[in-house]
Amino acid sequence: MSSSLPKRLVGLAGWSGSGKTTLIAKLIPVLTARGLKVSTVKHAHHAFNIDQPGKDSWLHRQAGATEVIVSSANRFALIHELRGAAEPSLEELLSRLSPADLVIIEGFRHGSHPKIEIFRPELDKPPLYPDDPMIVAVAAPKPIAGLDLPGLPLNDTEAIAGFILASELFAIE
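Just so you know, we're using my numbering here: the sequence shown kicks off at 975 and counts up by one.
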């Protein structure tokens, strides 16, 4: 295994409003309390900007810089302008991360990595798992009748964390 790859990789897939971000925010402290270094990759479906107009970094980008690093004693951020280039693949983004024990991916629904679907029947959206062979489990508020995959209780973060850590489906070789 390359030292730059995480030991485990899990995606969370689901329709907008299903609770992916909420679950990730609950999973991270559970996993870090178990001594794991956790990183995330989040796909944004629309234009987003972590930079603010008028700030120095924004001025650097507006002047034409391809990359700007903003750094402080607490954190740093790399802003890379694509300027017409193709959006990086998930694999390219993963290669930019520091080594971690687990990377949780939000979005990248059509990726070829193992995923847990967050399914909420009340959204009136069809489940993704019947059409996505990379969905290996479904987390839902209530058990799903006839589900031929492992079903996880959406409100039991400890159980979901345990499933991720116990399953070899998420291990990277």
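Honestly, the hints are just simulated from the structure, not real lab data.
Do not take every clue at face value.
[As the list claims (entries may be wrong)] With a cut-off of at most 25 Å between alpha-carbon atoms, the simulated DSS-like pairs for lysine-lysine come out as follows: (1) Lys981 - Lys1011; (2) Lys1011 - Lys1029; (3) Lys1116 - Lys1011; (4) Lys1016 - Lys1000; (5) Lys1000 - Lys1011; (6) Lys1099 - Lys1000; (7) Lys1116 - Lys1099.
[Said to hold, decoys possible] Label-pair ranges, simulated between beta-carbon atoms: (8) Asn1048 - Asp1075: 54 to 64 Å; (9) Leu1052 - Ala1021: 42 to 52 Å; (10) Glu1142 - Ser1045: 22 to 32 Å; (11) Phe1050 - Leu1121: 36 to 46 Å; (12) Ile1118 - Glu1041: 38 to 48 Å; (13) Ala999 - Pro1117: 16 to 26 Å; (14) Ala999 - Ala1051: 17 to 27 Å; (15) Leu1123 - Asp1075: 49 to 59 Å; (16) Asp1030 - Asp1122: 29 to 39 Å; (17) Ser1072 - Glu1142: 21 to 31 Å; (18) Leu1052 - Pro1117: 36 to 46 Å; (19) Ile1146 - Lys1029: 19 to 29 Å.
By construction, the Cβ of each residue, glycine as well, lies at the ideal position given by its N, Cα and C atoms.
Indicate whether the distance between the beta carbons of Ala999 and Ala1051 respects the range 17 to 27 Å. holds (19 Å)
Tell me if the beta carbons of Asn1048 and Asp1075 are separated by a distance inside 54 to 64 Å. The hinted range 54 to 64 Å is violated for Asn1048 and Asp1075, with Cβ atoms some 22 Å apart.
I want to verify a distance hint. Is the separation of the beta carbons of Ala999 and Pro1117 within 16 to 26 Å? Once the Cβ atoms are compared, 24 Å apart, the range 16 to 26 Å for Pro1117 and Ala999 holds.
Could you check the hint for me, namely that Leu1052 and Pro1117 are 36 to 46 Å apart, CB to CB? holds (43 Å)
Between Leu1052 and Ala1021, does the C-beta distance stay in 42 to 52 Å? violated (18 Å)
For the pair supplied as a hint, Lys1011 and Lys1029, confirm whether the alpha-carbon distance does not exceed 25 Å. violated (32 Å)
Holds or violated: 22 to 32 Å for the Cβ distance of Glu1142 and Ser1045? Cβ of Glu1142 to Cβ of Ser1045: about 38 Å, so the range 22 to 32 Å is violated.
Hinted pair Lys1116 and Lys1011, Cα distance within 25 Å: violated (30 Å)
Pairwise beta carbon distance, Asp1030 to Asp1122, judged against the given window 29 to 39 Å: violated (54 Å)
Run the distance test for Lys1116 versus Lys1099: straight-line Cα separation, threshold 25 Å. holds (16 Å)
Next pair to validate is Lys981 with Lys1011; report whether the Cα-Cα distance is within 25 Å. With Cα atoms ~10 Å apart, Lys981 and Lys1011 stay inside 25 Å; holds.
Please check whether Ile1146 and Lys1029 have a Cβ separation lying inside 19 to 29 Å. Cβ of Ile1146 to Cβ of Lys1029: about 37 Å, so the range 19 to 29 Å is violated.
Hint check: violations occur at hints 2, 3, 8, 9, 10, 15, 16 and 19; the rest are consistent with the structure.
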